[in-house]
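Position in the sequence shown counted from 1, then plus 3, gives you this note's numbering.
In case anyone wonders, no lab produced these hints; they're calculated from the structure. Because the structure is a prediction, the values reported are computed rather than measured. Ideal Cβ positions, reconstructed from N, Cα and C, are used throughout, including at glycine. Careful: at least some of the hints might be erroneous.
[Said to hold, decoys possible] Derived Cβ-Cβ restraints for the label pairs, each shown as a range:
hint	residue 1	residue 2	range
1	S93	I50	23 to 29 Å
2	N85	A41	34 to 40 Å
3	L89	R16	41 to 47 Å
4	P59	T79	18 to 24 Å
5	W38	V62	18 to 24 Å
6	A41	Q94	33 to 39 Å
7	R16	W38	34 to 40 Å
8	S93	D58	18 to 24 Å
9	R39	A80	16 to 22 Å
10	A75	A44	30 to 36 Å
11	A66	A41	30 to 36 Å
12	L90	G67	31 to 37 Å
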Amino acid sequence: MFDKTGFGKIGPRLAALLLLCLLAPALLAAPGLCWRIAGAAAEPSYILGTMHSEDPRIVNLPAGVERLFRAARSFTAEVDMNEASLLQVSQRM
Numbered sequence: 004m005f006d007k008t009g010f011g012k013i014g015p016r017l018a019a020l021l022l023l024c025l026l027a028p029a030l031l032a033a034p035g036l037c038w039r040i041a042g043a044a045a046e047p048s049y050i051l052g053t054m055h056s057e058d059p060r061i062v063n064l065p066a067g068v069e070r071l072f073r074a075a076r077s078f079t080a081e082v083d084m085n086e087a088s089l090l091q092v093s094q095r096m
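Start from the sequences, fold in the hints, and give me the full structure.
Listed below in structure tokens is the structure:
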């Protein structure tokens, strides 16, 4: 019955659009990827959530995050320890 009206083709797309509209406010209000850890006895530390991507645009960080990187005394990164990534990391050091 739906195929005769064309709703069979539009239905899944319409459902996906409706779901996106319902989730959009929650996604926009979600916390960022950068967390501040602070205590009374030490300087604050920051954790930037992991982003696994081959896209070179991933390094385009918001200005606030970039300022934190520049002000940091140290930096620790998660590295996939395979042969190709080890070669890339060693070439950049």
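How the hints compare with the structure:
no. : hint                   : verdict
1   : S93 to I50: 23 to 29 Å : 25 Å, holds
2   : N85 to A41: 34 to 40 Å : 35 Å, holds
3   : L89 to R16: 41 to 47 Å : 44 Å, holds
4   : P59 to T79: 18 to 24 Å : 22 Å, holds
5   : W38 to V62: 18 to 24 Å : 19 Å, holds
6   : A41 to Q94: 33 to 39 Å : 36 Å, holds
7   : R16 to W38: 34 to 40 Å : 36 Å, holds
8   : S93 to D58: 18 to 24 Å : 22 Å, holds
9   : R39 to A80: 16 to 22 Å : 19 Å, holds
10  : A75 to A44: 30 to 36 Å : 19 Å, violated
11  : A66 to A41: 30 to 36 Å : 21 Å, violated
12  : L90 to G67: 31 to 37 Å : 32 Å, holds
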